[in-house]
Amino acid sequence: MSKLIYLDNAATTQVYPEVLQEMLPYFSEVYSNPSAIYSFASESKKAVDKARTSVAELINAKTDEIYFTGGGSESDNWALKATADAYASKGKHIITSTIEHHAILHTCAYLEKKGFEITYVNVDENGKVKLDELEAAIRPDTILISIMTANNEIGTIQPVREIGRIAHEHGVLFHTDAVQAFGHIPIDVDEMNIDMLSASGHKINGPKGIGVMYIRKGVKILSFIHGGAQERKRRAGTLNVPGIVGIGKAAEIAKNTMAERSAKEISLRDHLIDRILTEIPYVRLNGDRHDRLPNNVNVCFRYIEGESMLILLDQAGVCASSGSACTSGSLDPSHVLLAIGLPHEIAHGSLRLTLSEKNTVEEIDFVVDELKKIIERLRSMSPLYEDFVKKQNK
Amino acid sequence: MSKLIYLDNAATTQVYPEVLQEMLPYFSEVYSNPSAIYSFASESKKAVDKARTSVAELINAKTDEIYFTGGGSESDNWALKATADAYASKGKHIITSTIEHHAILHTCAYLEKKGFEITYVNVDENGKVKLDELEAAIRPDTILISIMTANNEIGTIQPVREIGRIAHEHGVLFHTDAVQAFGHIPIDVDEMNIDMLSASGHKINGPKGIGVMYIRKGVKILSFIHGGAQERKRRAGTLNVPGIVGIGKAAEIAKNTMAERSAKEISLRDHLIDRILTEIPYVRLNGDRHDRLPNNVNVCFRYIEGESMLILLDQAGVCASSGSACTSGSLDPSHVLLAIGLPHEIAHGSLRLTLSEKNTVEEIDFVVDELKKIIERLRSMSPLYEDFVKKQNK
Amino acid sequence: MYSEKVMDHFNNPRNVGEIENPSGVGTVGNAKCGDIMRMYLDIDDNGIIQDVKFKTFGCGAAVATSSMATELVKGKTVQQALEVTNKAVMEALDGLPPVKVHCSLLAEEAIHAALWDYAEKNHITIEGLEKPVNDISEKEEGEEEEY
Amino acid sequence: MYSEKVMDHFNNPRNVGEIENPSGVGTVGNAKCGDIMRMYLDIDDNGIIQDVKFKTFGCGAAVATSSMATELVKGKTVQQALEVTNKAVMEALDGLPPVKVHCSLLAEEAIHAALWDYAEKNHITIEGLEKPVNDISEKEEGEEEEY
Ligand SMILES: Cc1ncc(COP(=O)(O)O)c(C=O)c1O
Ligand SMILES: Cc1ncc(COP(=O)(O)O)c(C=O)c1O
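Residue numbers (the UniProt record's numbering), protein chains in the order written: chain A, 1 to 394; chain B, 1 to 394; chain C, 1 to 147; chain D, 1 to 147.
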């Protein structure tokens with residue numbers, strides 16, 4: 001097999017050719033600034049309106065509750081910082097979880113320096129936020145609860161509806177980082193009591209550098225990026241028309257294909273999980289077995305380290321990740337794996353395989369076969385495995 | 001003439017076909033996240049590195065002083081807010097000018113609410129910042145001077161080198177919003193004593209939704225968008241590879257063609273200015289006659305209002321603007337025109353024509369001929385013109 | 001952005017011009033906001049508006065609302081003209097963008113100003129007609145908060 | 001990200017394995033940081049390193065530096081082995097990415113640890129050899145500030 005087997009769809013996805021097709025005219029032909037007054041501008045404005053509708057429909061929002069941003073990280077920063085700004089007079093306490101993406105956690109760290117107090121609610125061994133702890137953490141000065149819809153590393157889907165209910169029962173705003181969930185599992189901002197939601201184009205076969213922020217009507221947060229009057233004066237900057245068209249088309253496709261696509265992904269995912277768990281010893285599955293993103297597999301192989309595994313997989317033509325792709329510069333093992341209770345040593349042996357509906361059973365089987373060889377090889381040179389075997393043989 | 005005559009290049013530009021060509025592979029083929037470890041990622045990483053070099057070369061910066069953002073507005077927000085954050089212990093005073101883009105001015109207004117003090121230095125009747133006023137405004141607690149390289153409405157080029165010298169003589173950081181100047185006129189961050197600089201892809205025939213922030217080594221500002229470790233931990237978010245490749249290619253082309261291109265634009269510009277000033281009565285040119293962006297024409301026609309002019313020009317197939325495209329939602333006349341001393345009444349009659357080297361003399365002549373008819377027509381129904389004529393005839 | 005009706009009245013404004021020795025003339029708006037309307041009325045002895053002309057400095061909506069307003073009052077009695085509201089003008093134009101609603105107020109006000117001038121010249125009182133404010137912007141609410 | 005030399009040593013690591021009854025064995029690093037190296041030495045009566053083997057739990061750089069370190073000490077005297085610095089290992093590998101420099105420190109430390117064990121077993125003192133710290137991470141500086 002010399003073809004690339006791409007199993008890193010949680011990091012980023014291929015832009016669907018039909019999405020690119022839809023974007024193309026807006027680069028060199030209909031390149032107008034949609035804010036302008038002439039009729040050439042109304043063509044791009046129409047395209048933006050259409051995209052906004054597609055995005056809104058995917059999460060059951062109103063069109064004018066959708067704002068386009070430069071990506072998921074910007075949306076997360078906006079939600080947290082602007083809520084902190086707008087509601088500081090009500091209180092300076094924010095609740096989040098220990099397994100959020102760094103776009104949330106590092107923003108929280110920033111807010112802590114600015115005098116806000118953050119409570120990081122723990123998760124159970126499957127990565128689910130502890131609802132009793134969450135509810136107990138709410139104080140009179142709590143202004144925001146921010147809990148991700150689904151985790152980017154271990155794929156666990158949070159009980160978002162319950163969290164939203166708890167938030168609203170206590171009169172607290174609820175933001176959810178849905179970057180991994182948007183377009184992958186059903187989201188209904190009304191049913192789930194979501195006040196703000198972050199999403200990103202490149203996680204749903206749309207373009208990079210375009211994100212979405214949903215803000216429920218009535219939520220009083222202002223701008224994060226100040227300047228021109230775009231996006232109903234809430235997000236300055238010339239509209240990225242091709243990017244917007246791209247995320248709109250991707251959202252439309254995601255909505256139309258969700259049922260079939262996730263069924264296919266789930267069957268591939270479960271096949272992959274089953275083979276790994278039965279054919280490779282000393283392995284554990286991370287994340288919830290059932291409330292899990294359709295395309296996420298995350299396992300820890302004991303006695304070996306992730307990067308070595310990734311290099312050998314790469315040599316076999318397989319793209320995978322170990323911990324969040326965003327933090328590959330860091331030496332620390334994933335904060336998510338530590339949060340679900342894994343010791344460092346085991347966390348270092350994590351492997352994330354995130355598939356797409358375009359993967360095949362043959363590819364999955366090939367990956368498992370390669371993995372078995374790789375893991376055997378790395379264990380044979382591991383001093384930890386040596387110690388383990390010696391202990392066994394005693 | 002049924003072809004569109006696009007004279008709004010200060011609002012946004014066409015993506016050059018060769019720029020789009022360069023971007024194309026990074027959507028659906030080399031779609032990898034450059035932060036990943038596998039070899040598929042190194043292809044997109046290489047493309048990003050190359051683009052970073054092209055951008056750096058255009059302003060004589062070092063490659064690792066270039067950071068990619070989501071646009072010019074984000075860069076402006078980053079520069080101001082992060083400087084405010086990082087240097088607040090040194091002081092809380094910032095100097096800017098009255099004619100900055102709203103991405104600067106509205107960010108300053110935000111900082112004022114956060115306890116910073118902003119001095120808005122005035123400009124002369126041609127839109128040049130008053131250097132003596134600027135220097136006099138510097139205080140011991142001044143942490144930043146932010147003055148744009150060239151104005152987006154009236155095209156005036158500021159004495160950036162002098163401003164940088166003054167800033168550095170007083171130990172103050174200097175940021176310049178070069179969104180309109182980048183790729184259009186020569187910029188050398190070293191010679192000009194620039195510490196931070198904002199630029200945007202879509203103003204130089206690159207894509208929308210991608211911007212640049214130059215930060216001189218040693219400037220201690222941190223992130224504006226917190227999260228993953230991208231961009232040497234200073235700007236979180238999955239890299240917008242196609243956008244980065246696009247702005248890189250556009251910067252490369254801009255560098256190679258600048259001399260020839262601006263010579264052509266200047267000759268078209270001056271032809272347009274000359275014809276308007278000699279053939280249409282009661283008109284004034286806004287902005288400096290000589291220190292002016294090669295592609296900018298901005299005039300005020302007395303007794304008529306801009307929007308009516310734009311609609312009639314649109315009907316003749318001409319795309320133009322009146323005041324900044326970003327603020328077309330507002331009813332106030334341009335703050336820039338007021339800042340150079342124009343009364344409201346005259347400011348309302350402003351017309352901005354910003355051309356590209358692809359325009360022709362024939363197009364320019366057509367526009368002037370149309371303009372003459374349009375202005376005569378609008379004046380014939382203007383009560384202000386009626387009053388003026390009656391006063392003349394007395 | 002504009003309806004077809006608005007564009008029609010902008011492109012082919014009805015009743016542009018002046019009336020020499022008009023029965024009444026009124027100018028409202030101010031150059032600061034960028035809209036000035038002047039309305040001329042020729043009213044016969046029976047109080048019927050025989051002719052009406054306007055001149056407008058302003059945006060597309062300002063021109064179109066003035067034009068439509070002249071059409072709505074032409075041939076009407078003074079009393080009927082008084083009842084031409086900004087809403088009526090807007091409806092006749094198939095609506096206006098929200099930021100342009102003030103133009104229709106200006107048109108209503110221009111009629112009132114011209115009628116007021118007519119009343120003053122003839123030393124009569126028109127029931128229901130209040131002294132118009134010349135600068136309509138003073139009547140408007142503050143602009144939406146800038147985020 | 002890695003040089004060709006690094007990739008070669010990662011893909012074809014030299015001297016992987018164990019030595020039964022080694023003259024010295026040392027294990028350094030800790031699982032917390034994700035790198036553990038174990039070095040076995042077989043040293044003859046003349047103080048020549050006749051054989052060397054390693055096992056490593058760690059990233060590509062960790063494996064490659066261990067492998068290179070074994071090559072650099074094999075056949076050398078104890079004193080020469082002591083002079084194999086992390087810089088020497090890095091240079092022999094045509095460099096390492098900045099974030100991976102600590103792996104080469106670990107390799108140096110692994111040699112020292114094995115030599116220390118040899119010295120202790122034989123009740124000798126090797127000049128210049130300090131008691132190695134098992135957990136190299138304690139020696140390192142804090143990570144670059146997270147922006
Ligand atoms: C001078 C200036 N600064 C900043 C901006 C904002 O750039 P962008 O629209 O790419 O965010 C613009 C353009 O709109 C500009 O002309
Ligand atoms: C859960 C989550 N939040 C936020 C982000 C940031 O999104 P982006 O990289 O588009 O800024 C990511 C992806 O990297 C993510 O997985």
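Because the hints were derived from the structure by calculation, they are not lab data.
All figures in this text were calculated on a predicted structure; none of them were measured in a lab.
Treat the hints with care, since some could be wrong.
[Claimed, not checked] Each pair of labels, with its calculated beta carbon distance range:
#, chain 1, residue 1, chain 2, residue 2, range
1, A, Asp-270, B, Glu-18, 40 to 48 Å
2, B, Gln-315, A, Lys-217, 54 to 62 Å
3, B, Glu-18, A, Lys-113, 41 to 49 Å
4, A, Asp-188, B, Ala-263, 56 to 64 Å
5, D, Lys-32, B, Asp-64, 28 to 36 Å
6, B, Glu-112, A, Asp-64, 50 to 58 Å
7, A, Leu-4, D, Pro-98, 46 to 54 Å
8, B, Glu-18, D, Glu-4, 44 to 52 Å
[Said to hold, decoys possible] Calculated pairs, DSS-like style, for lysine-lysine (alpha carbon to alpha carbon, straight line, at most 25 Å):
#, chain 1, residue 1, chain 2, residue 2
9, A, Lys-373, A, Lys-390
10, A, Lys-92, B, Lys-390
11, A, Lys-358, A, Lys-255
12, A, Lys-220, B, Lys-113
13, C, Lys-74, C, Lys-32
14, B, Lys-46, D, Lys-53
15, C, Lys-53, B, Lys-373
16, D, Lys-5, A, Lys-394
17, C, Lys-5, B, Lys-390
18, B, Lys-394, C, Lys-131
19, A, Lys-45, B, Lys-3
20, C, Lys-32, C, Lys-131
21, B, Lys-391, C, Lys-53
22, A, Lys-390, D, Lys-32
By construction, the Cβ of each residue, glycine as well, lies at the ideal position given by its N, Cα and C atoms.
Enumerated hints in conflict with the structure, sorted upward: Hints 2, 6, 7, 8, 10, 13, 14, 16, 17 and 18 not satisfied by this model.
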